[in-house]
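Protein sequences appear in the order of chains F and S.
Following the numbering used here, the numbering of the first sequence begins with 1 at its first residue and continues without gaps.
Following the numbering used here, the numbering of the second sequence begins with 1001 at its first residue and continues without gaps.
Treat the hints as calculated values from the structure; they're not laboratory data.
Fair warning: this is a prediction, and the values are worked out from it, not measured in the lab.
Here a beta-carbon is modelled for each residue, glycine too, at the ideal position from N, C-alpha and C.
What you were told as hints is all true, and nothing was included just to trick you.
Facing chain F, from chain S, some residues (calculated, C-beta under 10 angstroms):
id	residue
1	L1005
2	A1086
3	Y1256
4	V1259
5	L1262
6	D1263
7	A1267
8	E1287
9	A1297
10	V1310
11	S1313
12	D1317
13	R1318
14	G1321
15	G1377
With the Cβ distance kept under 10 angstroms, some of the chain F side facing chain S (calculated, not the full set):
id	residue
16	A190
17	A191
18	A194
19	L213
20	E218
21	A227
22	T244
23	L299
24	R303
25	P307
26	D312
27	A314
28	R315
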Amino acid sequence: MTTELLEPFVRMLDEIASPAAVRAVEAGGEWQAMWRAIAASGFLDALVGEDQGGSGLTLAQVEPLLQALGASAVPLPVGETMIARALLAHAGIAAPAGPVVLAATQGQPVPCALVANHALVDTGAALAVTPLSEMEVTATGVHGSLAAVLSGPAQSLALPRPANGLRSIAAVLRACLIAGAAARVCDMAAAHAAQRVQFGKPIGKQQALQQMLSVMAEDMVACRIAAQLGCAGGLDPALTHAATAKITTSAAAPRLAASAHAVHGAIGIAEEFDLQLLTRRLHEWRLADGSESYWSGQLGAERLGAPMSSMDFARTP
Amino acid sequence: MFDGLTLAALPDAAEAVRPKIRAFLADHMAGIAADTRARSWQGFDAAFSRKLGAEGFLGLTLPVEYGGQGLGPFARFVVVEELLSAGAPVAAHWIADRQSAPLLLHYGTEGQRQRHIPAICRGEQVFCIGMSEPGSGSDLASVRTRADRNADGWLLNGQKIWTTNAHHADYMIALVRTSGTSTDRQAGLSQLIVDLHAPGVTIRPITDLTGDAHFAEVFFDNVQLADDALVGQEGDGWAQCTAELAFERSGPERIYSSVVLLDAWIAHLQAVGRRDADALVGRLTAELATLRAMSLACTALLAAGESPVVEASIVKDRGTGFEQELPVVIGDDLAAHPDEPVSAELWRTLAYVTHIAPSFSLRGGTREILRGIIARGMGLR
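The whole structure should be built from the sequences, with the hints applied where relevant.
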């Protein structure tokens, strides 16, 4: 079922979210047309139950789509909106039109908040759908970033908070996006190493490059599997699954970005080269919704409270 | 890239084996110190392996008609992770069960299968793998040990070294040259079953830096082997050997080598009630969970009948990196609290794993060789 979905989804992203289109949105351009195309595709309700007009897919089934969003550096909160719409539908609340971001924090930047209409705000007691026009939206000023700090009182239109809060599911989403971008930067680095000639042969023939690229591949596979592990529990992931997914992907993200840039050399730093669309996001998603150390602290506390072997802990959700 | 490696779940039939092996281990592993359990791979206990065989915990992937359990790679995954987590002494059956029996099943004659596989499943035949030689480590294709055809079969001359458990083994599956010279590289290599009790075989154990003797050097001086010592096709030894290494590299054993130390350290933290290591514990716990899922993904490829050579190298390289990191960071954590008492047992476990850890990324192919295999899988070579 997932393959049938993935192909049209990727085709759509190729059409509407080309690197040029991504750059245009990042530069403050119009994003509504891109959003309308995504909304018209019906994919936003992939996680909404069939009885409520959605596709009734599980998060695990949708995971390849979330990876595709990461791989294409889509500059809109598509995964966030999918999750928000599913949580809202589950609570019997009509979803607002337009993009929704997941605001698990009011202290640090929320990715894509500059290109959204609403936020699903975790108040600690409930989740509240809040129009961004009623919140304070403070852009970060980071070049090309669409993230912003959101603050202000949440609206009263509230729905039950997942047992592990909004940050857990948001972290799983980030893990999927990182996994998708990881796959793309690995492909780009391997392709570049195979065609870039120095010292009379492709640089990918150098053992030093081969060793670095093979470690990238290991990190890429680890990110994919960890993201899938995070999705296994659905929209209210167990802390262990969410933490494992975010720790593995967040720890790998800067390594992958650094190696991809190292392979590409100076051209990878250039704005007109597409690599930076992905590596800037790898860093942003790593920091969003808790870095590897945040989740390591959470997971470590849970582990130390569990009188069992590490093998048992690793295999039990 | 490497799209086949994707999250897999253990089937219920495989999970059904877990309570049984766990009960067995509860009966047989009580009261054994952590530093002894940390030796798991190197722990040689023939009686223990025979008991495992009698209870049906060996030959899990092997067909019932050869004395196996016919349960497949997932059941083996469950039993192996339980054995390694408990730190059970597995050396007496490890290589035969994992590599030799599947090799003979794939390439052996009916006579070879009958002679060895049922006995391996009973834990009664100990095998070792003769690959490295004094002049051939990572460059395995340069082996010089020779077997020449004669009227009675094969006449074997040469030397193997760093052979795990050779001094305890009944048989060696040796990679030797049967034609040409070492300049012919992979061509002209064959695999032979060598009866280590045959005249002309001399085995000298080599003591390692922990004081154990887990490997040995083996000399062959005009050792006469029967005609049916040859495994598979003459000259196909390299390809057979590569397929065999996929078995060695893809199992969960490549993530659990230091897990007894990890558990002993966590028990220490729980006992002293110290909480400043939460983030380190969490990071290591996440890595173990990710590696376990990666290893299970690799097992799913084996279960689907594939030979995941590159995928297994990915899991093994990352897994051994984790295994080697554990003693480094655990040692740092313990000694970062110089006034906190640490039991002698934990200290010995830490030291043992610290000292033996370099072998984790040597056995079954070095880190550098594995990364070359991965790079080839990425189209770079």
